[in-house]
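K.L.:
Respectively, the protein sequence lines represent chains W and P.
Position one of the first sequence corresponds to residue 340 (our numbering), numbered consecutively onward.
Position one of the second sequence corresponds to residue 340 (our numbering), numbered consecutively onward.
Check the hints yourself; a few may be wrong.
No copy is singled out in the list; a pair is fine if it fits within one copy or between any two copies.
EDC-like cross-link-like pairs, simulated, lysine to aspartate or glutamate; straight-line CA separation at most 16 Å [what the hints assert, rightly or not]:
no.: 1; residue 1: Lys409; residue 2: Asp487
no.: 2; residue 1: Lys409; residue 2: Asp374
no.: 3; residue 1: Lys409; residue 2: Glu447
no.: 4; residue 1: Lys409; residue 2: Asp368
no.: 5; residue 1: Lys409; residue 2: Glu490
no.: 6; residue 1: Lys420; residue 2: Asp487
no.: 7; residue 1: Lys409; residue 2: Asp454
no.: 8; residue 1: Lys420; residue 2: Asp357
Because the hints were derived from the structure by calculation, they are not lab data.
Protein chains: 2
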Amino acid sequence: MAEPGTGPEPAGEAPLFDLIELFFFAYRDFTADADRQLEALQFGRAHHRVLHFVYRNPGLTVAALLDILKITKQSLNRVMKDLTDGGFIEVRTGVSDRRRRLLQATPEGCRLALDLARLHSERFERALAPLPDAVRPQAVAFLLGMIDTAERPQVEALVWGAPPPDPDRPAGRDAGPHRLGAREQAA
Amino acid sequence: MAEPGTGPEPAGEAPLFDLIELFFFAYRDFTADADRQLEALQFGRAHHRVLHFVYRNPGLTVAALLDILKITKQSLNRVMKDLTDGGFIEVRTGVSDRRRRLLQATPEGCRLALDLARLHSERFERALAPLPDAVRPQAVAFLLGMIDTAERPQVEALVWGAPPPDPDRPAGRDAGPHRLGAREQAA
DNA sequence: GAGATATGTCAATGATGCTGACGTATTTTG
DNA sequence: CAAAATACGTCAGCATCATTGACATATCTC
Chain W
340 MAEPGTGPEP AGEAPLFDLI ELFFFAYRDF TADADRQLEA LQFGRAHHRV LHFVYRNPGL
400 TVAALLDILK ITKQSLNRVM KDLTDGGFIE VRTGVSDRRR RLLQATPEGC RLALDLARLH
460 SERFERALAP LPDAVRPQAV AFLLGMIDTA ERPQVEALVW GAPPPDPDRP AGRDAGPHRL
520 GAREQAA
Chain P
340 MAEPGTGPEP AGEAPLFDLI ELFFFAYRDF TADADRQLEA LQFGRAHHRV LHFVYRNPGL
400 TVAALLDILK ITKQSLNRVM KDLTDGGFIE VRTGVSDRRR RLLQATPEGC RLALDLARLH
460 SERFERALAP LPDAVRPQAV AFLLGMIDTA ERPQVEALVW GAPPPDPDRP AGRDAGPHRL
520 GAREQAA
């Protein structure tokens, strides 16, 4: 249809093999940066994900975190124990609802999360440096478009809902405005 | 430097949280498409990766495949057995070097690989549809830039080295030009 | 013939996910 | 107030996908 005279197309258009494969390799190298750093602490990728989202959403509840990561509480608790034992994440009891556990990165946890985020950032910066400035917002739009439509509102709230906390401020008080509607003050 | 008067920056620039998190969520949803399809066949993501790269590089040797996937032969053989037993991948003995095993997708394997690739393609097409046409090559450049510099030549050869095979042609003969220097005729 | 190479296999282990079943504390509801 | 729902934690078992280490076999190269 688009290319007359090329003969019958057996089963639709040719797949975008370049994007498929580049996405696979890009993600693998992207994660490898942090993996090397985490190895020294005996942490895995799961620990990193938990720490990252807790760092980015201080006061997050367990249920909200499970919803972000889409894993079970059994899977979460295994790595959460390592993170709390290691002093990277602090758990407090909610005030308005004492059943809730409010999660927060300790100053040490903030430092680690920030270090790892910078590693990832540097890779993005290296990738974007040789390209026109306009590519950065286009990359954001492209990646957002890759996310399930149903998930997009939640992801947008998560990504642009609030500025990151300051690792030097002792991990208490309100470390930022509400995001996800999952935060409250701790005791 | 770039923003005078904003006060001291404690430890470098703020990370690109948006790209970091969008990349995470985008990859997760990207892989979820194929995962659902593979579940019916009792295959996992590892089976998919193996089938995909064998489909894309007919005549690939085991060593070359291990180098692409960066896994051990023990990990590979577990899923390879499932794929050969299921009639998705065919293994032949090399001619010029009979130690080598030349891997090739069967017609059934080609169909499955192509179906899964199209699933992934559709997600890319949905993501790119609302964006300017210029974004597609920029997305390619961006993703390529995310890959380790040392790996880039190999990835480029893998991605743009040869056209994909035709699933209707019986899986024999030379199904395309050499790529990676890893292919040869089978007995 | 010796040694390197390509591959396959056995055994054990680790990381990360899952389901199902309970238990406990706390809040909400009737 | 009692019952039900909610938030969380835990125990037990299982699946997938990766690892390391050791060893066997076939084949090629020198």
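K.L.:
Now look at each hint and say whether the structure bears it out.
P.N.:
The hints, checked one at a time:
1. Lys409 - Asp487: within (14 Å within a copy, 29 Å between copies)
2. Lys409 - Asp374: Cα proximity of lysine 409 and aspartate 374: across copies only (15 Å, versus 21 Å in one copy).
3. Lys409 - Glu447: neither (26 Å within a copy, 33 Å between copies)
4. Lys409 - Asp368: between (23 Å within a copy, 11 Å between copies)
5. Lys409 - Glu490: So lysine 409 and glutamate 490 pass the 16 Å test inside one copy only (12 Å; across, 31 Å).
6. Lys420 - Asp487: Result: close neither inside a copy nor across copies, 31 Å intra and 33 Å inter.
7. Lys409 - Asp454: Answer is neither: 25 Å inside a copy and 26 Å across each miss the 16 Å cutoff.
8. Lys420 - Asp357: neither (41 Å within a copy, 28 Å between copies)
Violated hints for the displayed structure, listed by number in ascending order: 3, 6, 7, 8.
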